[in-house]
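Mind docking chains R, L and Y on chain W? Use the hints.
So the protein lines, in turn, are chains W, R, L and Y.
For the first sequence, full-length UniProt numbering gives the first residue as 1, with consecutive numbering after it.
For the second sequence, full-length UniProt numbering gives the first residue as 1, with consecutive numbering after it.
For the third sequence, full-length UniProt numbering gives the first residue as 1, with consecutive numbering after it.
For the fourth sequence, full-length UniProt numbering gives the first residue as 1, with consecutive numbering after it.
Hints listed in this document are in silico derivations from the structure and should not be mistaken for laboratory results.
Heads up, a few of these hints could be off.
The list cannot tell twin chains apart, which means a pair is met if one copy fits it or any two copies do.
The calculated SDA-like cross-link candidates involving lysine to any residue, where the alpha carbons are at most 25 Å apart (straight line), are [to be verified]:
no.: 1; residue 1: K338; residue 2: R75
no.: 2; residue 1: K338; residue 2: G90
no.: 3; residue 1: K8; residue 2: L102
no.: 4; residue 1: K9; residue 2: P51
no.: 5; residue 1: K9; residue 2: G195
no.: 6; residue 1: K365; residue 2: R293
no.: 7; residue 1: K145; residue 2: T374
no.: 8; residue 1: K364; residue 2: V203
no.: 9; residue 1: K350; residue 2: T224
no.: 10; residue 1: K196; residue 2: L264
no.: 11; residue 1: K385; residue 2: E194
Protein chains: 4
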Amino acid sequence: MAKLKDVKKVVLAYSGGLDTSIILKWLQTELGAEVVTFTADLGQGDSDLEPARKKAEMMGAKQIYIEDVREEFVRDFVFPMFRANAEYEGLYLLGTSIARPLISKRLVEIARETGADAVAHGATGKGNDQVRFELSAYALNPDIKVIAPWRDWSFKSRTDLLDFAEKHQIPIAKDKRGDAPFSVDANLLHSSSEGKVLEDPWVEPPEFVHQRTISPMDAPDAVTEIEIEFLKGDPIALNGKALSPAAMLAALNDLGRDNGIGRLDLVENRFVGMKSRGVYETPGGTVLLQAHRGIESITLDRGAAHLKDELMPRYAELIYNGFWFSPERLMLQALIDKSQEDVEGTVRLKLYKGNAIVSGRKSKKSLYRNDLVTFEDDRGAYDQKDAEGFIRLNALRLRTLAARNRGN
Amino acid sequence: MAKLKDVKKVVLAYSGGLDTSIILKWLQTELGAEVVTFTADLGQGDSDLEPARKKAEMMGAKQIYIEDVREEFVRDFVFPMFRANAEYEGLYLLGTSIARPLISKRLVEIARETGADAVAHGATGKGNDQVRFELSAYALNPDIKVIAPWRDWSFKSRTDLLDFAEKHQIPIAKDKRGDAPFSVDANLLHSSSEGKVLEDPWVEPPEFVHQRTISPMDAPDAVTEIEIEFLKGDPIALNGKALSPAAMLAALNDLGRDNGIGRLDLVENRFVGMKSRGVYETPGGTVLLQAHRGIESITLDRGAAHLKDELMPRYAELIYNGFWFSPERLMLQALIDKSQEDVEGTVRLKLYKGNAIVSGRKSKKSLYRNDLVTFEDDRGAYDQKDAEGFIRLNALRLRTLAARNRGN
Amino acid sequence: MAKLKDVKKVVLAYSGGLDTSIILKWLQTELGAEVVTFTADLGQGDSDLEPARKKAEMMGAKQIYIEDVREEFVRDFVFPMFRANAEYEGLYLLGTSIARPLISKRLVEIARETGADAVAHGATGKGNDQVRFELSAYALNPDIKVIAPWRDWSFKSRTDLLDFAEKHQIPIAKDKRGDAPFSVDANLLHSSSEGKVLEDPWVEPPEFVHQRTISPMDAPDAVTEIEIEFLKGDPIALNGKALSPAAMLAALNDLGRDNGIGRLDLVENRFVGMKSRGVYETPGGTVLLQAHRGIESITLDRGAAHLKDELMPRYAELIYNGFWFSPERLMLQALIDKSQEDVEGTVRLKLYKGNAIVSGRKSKKSLYRNDLVTFEDDRGAYDQKDAEGFIRLNALRLRTLAARNRGN
Amino acid sequence: MAKLKDVKKVVLAYSGGLDTSIILKWLQTELGAEVVTFTADLGQGDSDLEPARKKAEMMGAKQIYIEDVREEFVRDFVFPMFRANAEYEGLYLLGTSIARPLISKRLVEIARETGADAVAHGATGKGNDQVRFELSAYALNPDIKVIAPWRDWSFKSRTDLLDFAEKHQIPIAKDKRGDAPFSVDANLLHSSSEGKVLEDPWVEPPEFVHQRTISPMDAPDAVTEIEIEFLKGDPIALNGKALSPAAMLAALNDLGRDNGIGRLDLVENRFVGMKSRGVYETPGGTVLLQAHRGIESITLDRGAAHLKDELMPRYAELIYNGFWFSPERLMLQALIDKSQEDVEGTVRLKLYKGNAIVSGRKSKKSLYRNDLVTFEDDRGAYDQKDAEGFIRLNALRLRTLAARNRGN
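Excised from the complex, chain W in its bound form:
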């Protein structure tokens, strides 16, 4: 706390909810700091951010920033990540991880604009988000102070928090009185749920945990067929209609939600060292990943594709761990983007009760050549005799080894 004494002005990532409102007040009262609030529309679902503005005003925020960053979020963060087919631990599409760097970037920029010497966030000391917020902030401004009230304040329990809220006349929604059954994060890419009813990994997540998708069991009996067009690895049109990045992801979300696509119940390894269990819903992202793999399958060279595949786990880990603004992420991004120059064309998918099935792909840049692969007469496109030499030289070291090993 000593280090926080000198803080004069803080930019707070402010949702308008109870927890960040308590933080706002705590920063004012305990640190004696002026507070600037930053509330972003990342597509979390509250399209109306005016209540957050009013609440911040009411609580005496010095300046209030409210911004719709959905296009930036999808264009500069989500799509670059999907170019890599990033999946953390084989399955998780990194929906929370990818939003944090953007928020930190704006916090640091606003701090510069407003002359604030610190930024603050509402993430706890057990999770990954604190790391993501803070690594990003430090990478963008090495002198910024970062305040994480959940690690610093003296409240011992939820009751302490609510008492503080009451004492400072912070409105408390009725359903916040009892313990929430689980914790939620959401943005245009996904929603996540953790804790409480999800804490035993043997117990199936209850249906009410899900927010972005209907159950596959409740999805329509009919198949929905769609076509996605790509350019330089990014989706640019849906069923023939050009869409902006955020509009594209929103449309895919609707399609995914309606067909029960994109649920994930995962036990994962946090950067801070423990395993946790989360339920993720990434409807549009799940469709997009399949589609992107589909268009890559005909337009990406094998050497490029395999190199990407081998580096993907590292890339995903970097994002998960909060290293979006690290040199190594930027280096990998340069490598990935280089590979996407000709990843263009159209993919057709069938959406059906939890399944997003690629059923066709075509491209002017296709590397698929039927004359090479056909069982029919290939008119000399491929000389089968070549295979013998290819195999014999690939085998040469193995034969040398086998001869050595039997004592030849």
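Relative to chain W, chains R, L and Y alone:
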């Protein structure tokens, strides 16, 4: 062909079908070689291999080996591969690739037993299977001769082949007269289909191509719930009943098939250099992969899991390319097997119309600790203050870099 | 400090020097804990450890462990690491890093034997060694308490420390009165020097910093030629004479030292986030690395060798960062050890003024075949025609890509 | 050979030596093709290429291209590769490998200019160079025909070749009559020697094999100190004097040669499957590698450096195997180049009898901060308390694992 002149006895991988029967005869007539046939029950579906024996006898095979290798196949090839969560190009479960080394191993062993100087297979000069057969054979016996008639003979067309068959009184099933609509491979792990009606990757595979699975659309409306128990990374019991490796995979195949699980329509990159399009059905394997990931998620340490994930694409590529018996595959297997020592416990899955959803996992060896992760009082299991130092030292190099970059 | 209050008995890694003597006394006086000392002969150069025993006795150590662990150190730590050709950041042979896990292992074992609830070390809060000590200790006993007095005590300066020493009648060697010009670590593998006169990376290290080697400029004008014999990747005989692991490393150290071999002046990246500059002397290890690469060059298959090379940086990083007892290091070790089964034979080296030059290698397990490589008649060992097919199929994807890229 | 029948005009990589002169004649007489010669000054040592021109004219070459490509070679091939610190199999600086793509590039370009339908090279069917030439050619023009006479012609022995030469009045230098004692390649980066007297890897290379360096034993007793300045990872000035890429490498070659630096006696693994033994001399490159590592050590972030180190073996393998113009090499280059943006500053080296020792490095872009690393008072630059949390969270998974493993 010159090199083949001296061949005296050949062990042929013999299915009993038309193509390998033509090869049998060609080896006898064109090379003047004695032929030993090897027919394996790999679970391809013809549980009765007696017709193959009769046909081989009729055609004058010198010795006839017919063997049920299903347990060996699953125990020593399929399960070790699934310990790695191997997926080629992110999606393909390597069903064909993993069977070839076993066949080559038996061909080479039988050659030793029978004094044969060559082995022969029926794979074409365009595919991966020739590579897999031959690399395996050479790795096991550096002096073996390998005959690949499809590359060596002078037949120019299917008509030539059929003429040769008729001339030598090889029975031709009626449906083989016309061109087959596609080419098929099958074993206990999967079936694959290629060619003809599948040659245009924009055209959806017709339903009749599928052999091992019903369509998700045709699967039951009810969820099937199962539990799989693991030991050392391998499944050992299904719904509480211990099963041998082959019996386990067969049972999972039935469950997968009935629920429309395990179809894949993929454009992939062959080792010989072209892209090809295949339809794969791996019902049991698809369920097994999800279950294995599920049990690993609670029993495998993060460092172990991430190292495995990073090496998996390489491992899968080695198997796909035919390097099962290479030192590098054995080295990776040693690494993977080391990781699986405590991968044990039970996974519950819901099977539903194409989906294999992990809905619970438990283990005596679980590394999931609710006391660490809980939002409630953790009684000192985790000190949130630790996170500050953790983040600050992880950030140190990024801050140094940021200061440098702005000219400090 | 609060957490340290309950500590009753501590096992201290004790060198007998001033700093760890101050720590011994501080643990007794400030924590009120009983202290057990552990002093290891790792080959640091003080072959007589009796003074450390007397000093510990004099200062009231409860129990005193003094052990010669040189054979264990080289056999179970150094040699396994050299099987991997491990070099951190391309150059550093990890001499300090590899000793820490062994010390921690003994500390934890002695804690168990003596009923101690904590271990303590004398590493500072800025370096890597604290991390290595503590990660190893926690990995071996999750409940052990680790005390790092340099991070915990209230001394602000070297003067404070010396005052404390005088107050408690701890003998202070005269040359410790002033600031030491640099900090030193040593064991049978290497010595390292850091700090003070080395702090400016533009300034060349003064000659007096070096402790284990003479300067190349001072080394003999004549070449020293040696032969090292390997078995399973480890050196077992020198110039025809079988030597134990520690005797082997000691003998190579003598040879290296006398020929000015093994100096390294490096700016490296610490795990805790900053760059530091060190001068390392690894005379025997430098010779050993070259020799090991030499014997691998004729006995290791390409696939095995390249896989090892690709994983080496990760392996070295794990050791540098203190993760010797992590699952991922053990997995990599399993992979590496698998590769070394046939790494045997003899390497001849010329040692000369800083150079350790491999001038010959031979092995019964050699994979080098002159019949394959000769420009002369190879009697059919290699068919140059095979190369055409090999190249054409390796080129196929590149040609397909080139055709696509020009718009074909 | 059939495939070569239609070749009308060939661009030949022509050295002016006996072998490529025989090839020139063979292409004219056996294929009936017009021949265009391309002779490049890559710094191989024959600065006067006029004799090659006269010889080509005399032999009836249709067109003659003679070009000094040294600057392009160093700027666009050598320096980009050194940004990666590329070493094949840990030691080889790829001097031959890196020259082949440039030659192929010019062959293909000249083929386009002259309307030739084929290119030809003088590499044998056993080596790597054929692969490098041909992969590069195919990657740049998928329809080009590549003629490798050593694989195609019917000569059985050196005598046959010499008879052909005599018959066609090709001048034969006297020393070519007997077998050359070894085979040589050279360019501005290195020279290599293979075969004959080098074929037994136990026998030390005779001194006369070396062409670019004096022996360390013959080098001056005095140290030569130099300073190299870097910008964006490339050397731009030597001892304060700006030099073009080729001039820089030539100057470093002189310095290396005079100090006995850059010899390597290596058994390596060829792409075509066998081991071979080569003697390489890379005097300037060896100095450059050390210098580049030196400047990176203070200017490159740890995350960037370690990622580079892990990918380097793959990158080096790609170049060795001939995949310079592959998408994956280009992707890796994008990653590497991204890392080099701030790799600038000055390195001081001591050159002495085979040693190239970095003795100082400085940079305006340095990331080395003495305030962080000092043992003295750091005025708050680093809080040692942070290390505790850092270690505890890094240890958390290891402790969880240890508790699990002992049955907690």
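Each hint tested on the structure:
For a Cα distance limit of 25 Å, the shortest separation of K338 from R75 qualifies both inside one copy, at 17 Å, and across copies, at 21 Å. Taking the shortest Cα distances, K338 and G90 sit within 25 Å of each other both inside one copy (23 Å) and across copies (20 Å). Proximity of K8 to L102 under the C-alpha cut-off of 25 Å is restricted to the intra-copy arrangement: shortest distance 24 Å within a copy versus 49 Å between copies. Taking CA atoms no more than 25 Å apart as the test, K9 paired with P51 passes inside one copy only; the shortest distance there is 23 Å, against 58 Å between copies.
Taking the shortest Cα distances, K9 and G195 never come within 25 Å of each other, neither inside one copy (33 Å) nor across copies (39 Å). Taking the shortest alpha-carbon separations for K365 and R293, only the intra-copy value of 15 Å comes in at or below 25 Å, while the best inter-copy value is 35 Å. Within a single copy, K145 and T374 get their C-alpha atoms only as close as 63 Å, which misses the 25 Å cut-off; across copies the closest is 23 Å, which meets it. In this assembly of identical chains, K364 and V203 lie within 25 Å of each other by CA distance solely across copies; the values are 16 Å between and 48 Å within a copy.
When the C-alpha separation of K350 and T224 is checked against a cutoff of 25 Å, the pair qualifies both within a copy, at 6 Å, and between copies, at 23 Å. For a Cα distance limit of 25 Å, the shortest separation of K196 from L264 inside one copy, 17 Å, qualifies, whereas the shortest one across copies, 37 Å, does not. For a Cα distance limit of 25 Å, the shortest separation of K385 from E194 across copies, 22 Å, qualifies, whereas the shortest one inside one copy, 58 Å, does not.
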